[in-house]
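**Q** Okay, here's what each chain looks like letter by letter:
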Amino acid sequence: MNKVIGLGASALNWLEAVGKAGIFIFQSVFRLPVRLPEAINLLIKQLYSVGVLSLVIVVVSGAFIGMVLSLQGYSILAKFGSEDAVGQLLALSLLRELGPVVTALLFAGRAGSSLTAEIGLMKATEQLSSYEMMGVDPLRRVIAPRFIAGVICMPILSLIFSAVGIIGGLMVSVAWLGVHDGAFWSLMQQSVYFDTDIVNGLIKAVCFAIAVTWIAVYQGYECVPTSEGIGKATTRTVVLGSLAILALDFVLTAAMFGDF
Amino acid sequence: MDAYIEVQGLQFSRADRIIYDDVSLQIPRGKITAVMGPSGTGKTTLLRLIAAQLAPDKGCIRVDGKEVHTLSRFNLYELRKKMGMLFQSGALFSDMSVFENVAFPLEEHTKLSVDEIQVRVLEKLHSVGLKGAAALMPAELSGGMARRVALARAIALDPALVMYDEPFTGQDPISKGVLVELIRQLNEQGDITSVLVSHDVAESLSIADHVCILAGGRVVAEGSPAQILDSDDPRVQQFLKGEPDGPVPFHYPEVSADDTKSLGGAQ
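Line by line, the protein sequences give chains C and W. Under this note's numbering, think of the first position of the first sequence as 159, with each following residue one higher. Under this note's numbering, think of the first position of the second sequence as -5, with each following residue one higher.
Hints in this document: simulated from the structure, not taken from any laboratory. Take the hints with a grain of salt, since some may be wrong.
Keeping only pairs whose Cα atoms sit at most 30 Å apart, straight-line, the calculated BS3-like set for lysine-lysine is [claimed, not checked]:
1. Lys52/W x Lys125/W
2. Lys76/W x Lys125/W
3. Lys52/W x Lys25/W
4. Lys52/W x Lys178/C
5. Lys25/W x Lys125/W
6. Lys75/W x Lys105/W
7. Lys76/W x Lys105/W
8. Lys203/C x Lys105/W
9. Lys76/W x Lys60/W
10. Lys203/C x Lys125/W
11. Lys170/W x Lys203/C
12. Lys390/C x Lys203/C
13. Lys178/C x Lys60/W
14. Lys178/C x Lys75/W
15. Lys60/W x Lys125/W
16. Lys161/C x Lys178/C
17. Lys125/W x Lys105/W
18. Lys75/W x Lys60/W
Bear in mind that the values here come from a model prediction, so they are computed numbers and not experimental data.
Using the sequences plus the hints, can you model the full thing?
**A** This is the structure in structure tokens:
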């Protein structure tokens, strides 16, 4: 009986936490700084910190994943004499799946953990309290620009990841393994559709961006304001963010590409 | 007494620990009130309750006649524009320079031009002796300087109420003297109500008009500095003289033997 009570209590606590996080993000999104120039300045600063500074890891990872995918794809396709289809394999894999998922995982590790640690440290050093005491809502000043910047950056980073991955794959399959470049591009062009592949990939990236950035800013805002508390919150951001991405990916893939 | 802040029947606890048990006190308008007491009595908590950053379990707090915990978010933020708070850590915004930190409340809440803000900020920094540090970042300041910049920021909007959280802690004697003088000057220049939370007896009693001593979750003495010094309450005398033995325990209450075992402290 006690186990049932414990399970029920855990479920209620979980629901309460989800509700609290929902109210938190709802209040943040609708409370951007009132003055437009200030809002734009804060947003640009965050776009740089969250997006531009994540470019290196996204570009390098995209290039290597594209190259590995080409090697693997070529070695299998060559057995069936279809090595020209490596471009098709590369583009569909990256645009539909690997681009959004791997970018989101990298984003959770680099930008998400950084957001949580930064907000957590602001809480520990009473900077958030300081905003409140000055009659400035920290949700609109600190949380909203970071959340919106994350949601804008992630899909763009995902597109960059896919583009760089295709270029990396092109270098390996065409320049190194000798696949005909005309066949590489034409098969890719024939098989990739804007609405089903590119747009669906972008929708996935937007969903992942909302989930990861939401988890990151919430964990930072609600962390225990000690060094241990900030460390745990940062870990939770990466773990929960990664799990949310993979779970959402399954649901979205089933909805977009499942044939049932 | 014309009270700017009225605390009535305040009860507040954290987890199972009672911080305040039916506390009532008044903070007079336009005066410096020192709230003193041993560490851990909840002095900072009282400031956070006055600013409505924490909500009491019972009782009410009125600031300038307004019951702060029943105000809407908008009205509370409006009221906070009339409050300045000097945090124990300074709480300067680490991504802004000294100048930007002091200018921030003016940019947020006034329609002053850039030039007017610059004049006002430099004036406030001059009053805390840090006009020359305007371009520095918080990481480049010493603890005492950070506290003085935070004070300049707290008074940037010329608030009606300034709350000081342990302003003298960790300060060298010169900085302490400067801060005492600054707090006194600020109060004399404007019609400011000041609440000073501290356990530095000499500094607090030297500038306070009204003193309130807290211990064990209650107000144990209240009055002018002279009345407090003359108090025959053993708790007040123990605190003022800094005696280890007396009714105010030095040691944190011990846990029971069973609890100690569960912590792994006893074999």
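**Q** A separate judgement is required for each hint: does it hold in the structure or not?
**A** Going through the hints against the structure:
Of the pairs offered as hints, the one joining Lys52/W and Lys125/W is violated, with about 45 Å between alpha carbons and a cut-off of 30 Å exceeded. Of the supplied pair hints, the one linking Lys76/W and Lys125/W holds, its CA atoms being roughly 24 Å apart against a limit of 30 Å. Distance check on the hinted pair: Lys52/W and Lys25/W sit about 27 Å apart at the alpha-carbon level, within 30 Å; holds. Taking the CA atoms of Lys52/W and Lys178/C, the gap is near 24 Å; set against the 30 Å cutoff, the hint holds.
For the hint linking Lys25/W to Lys125/W, the alpha-carbon distance of about 28 Å falls within 30 Å, and the restraint holds. Pair hint Lys75/W plus Lys105/W holds up; C-alpha atoms about 14 Å apart against a cutoff of 30 Å. For the proposed pair Lys76/W and Lys105/W, the alpha carbon gap of about 16 Å is at most 30 Å, so the pair holds. Between the alpha carbons of Lys203/C and Lys105/W the distance comes to roughly 24 Å, so the proposed pair stays at or under 30 Å and holds.
Simply put, Lys76/W and Lys60/W have alpha-carbon atoms about 13 Å apart, close enough for the 30 Å limit, and the pair holds. Under the criterion of a C-alpha separation no larger than 30 Å, the hint pairing Lys203/C with Lys125/W is consistent with the structure, at around 28 Å. Note on Lys170/W and Lys203/C: the hinted pairing is violated, with a Cα-Cα distance of about 38 Å set against a maximum of 30 Å. For the given pair, Lys390/C sits about 26 Å from Lys203/C by alpha-carbon distance, which is consistent with the 30 Å threshold.
For the given pair, Lys178/C sits about 29 Å from Lys60/W by alpha-carbon distance, which is consistent with the 30 Å threshold. For the proposed pair Lys178/C and Lys75/W, the alpha carbon gap of about 27 Å is at most 30 Å, so the pair holds. With a CA separation close to 36 Å, the supplied pair Lys60/W and Lys125/W exceeds the 30 Å bound. For the given pair, Lys161/C sits about 25 Å from Lys178/C by alpha-carbon distance, which is consistent with the 30 Å threshold.
Of the supplied pair hints, the one linking Lys125/W and Lys105/W holds, its CA atoms being roughly 23 Å apart against a limit of 30 Å. Proximity of Lys75/W to Lys60/W is assessed by CA-CA distance (about 14 Å); at most 30 Å being required, the pair is judged to hold.
Checked against the numbered hints above, the structure breaks hints 1, 11 and 15 and satisfies the rest.
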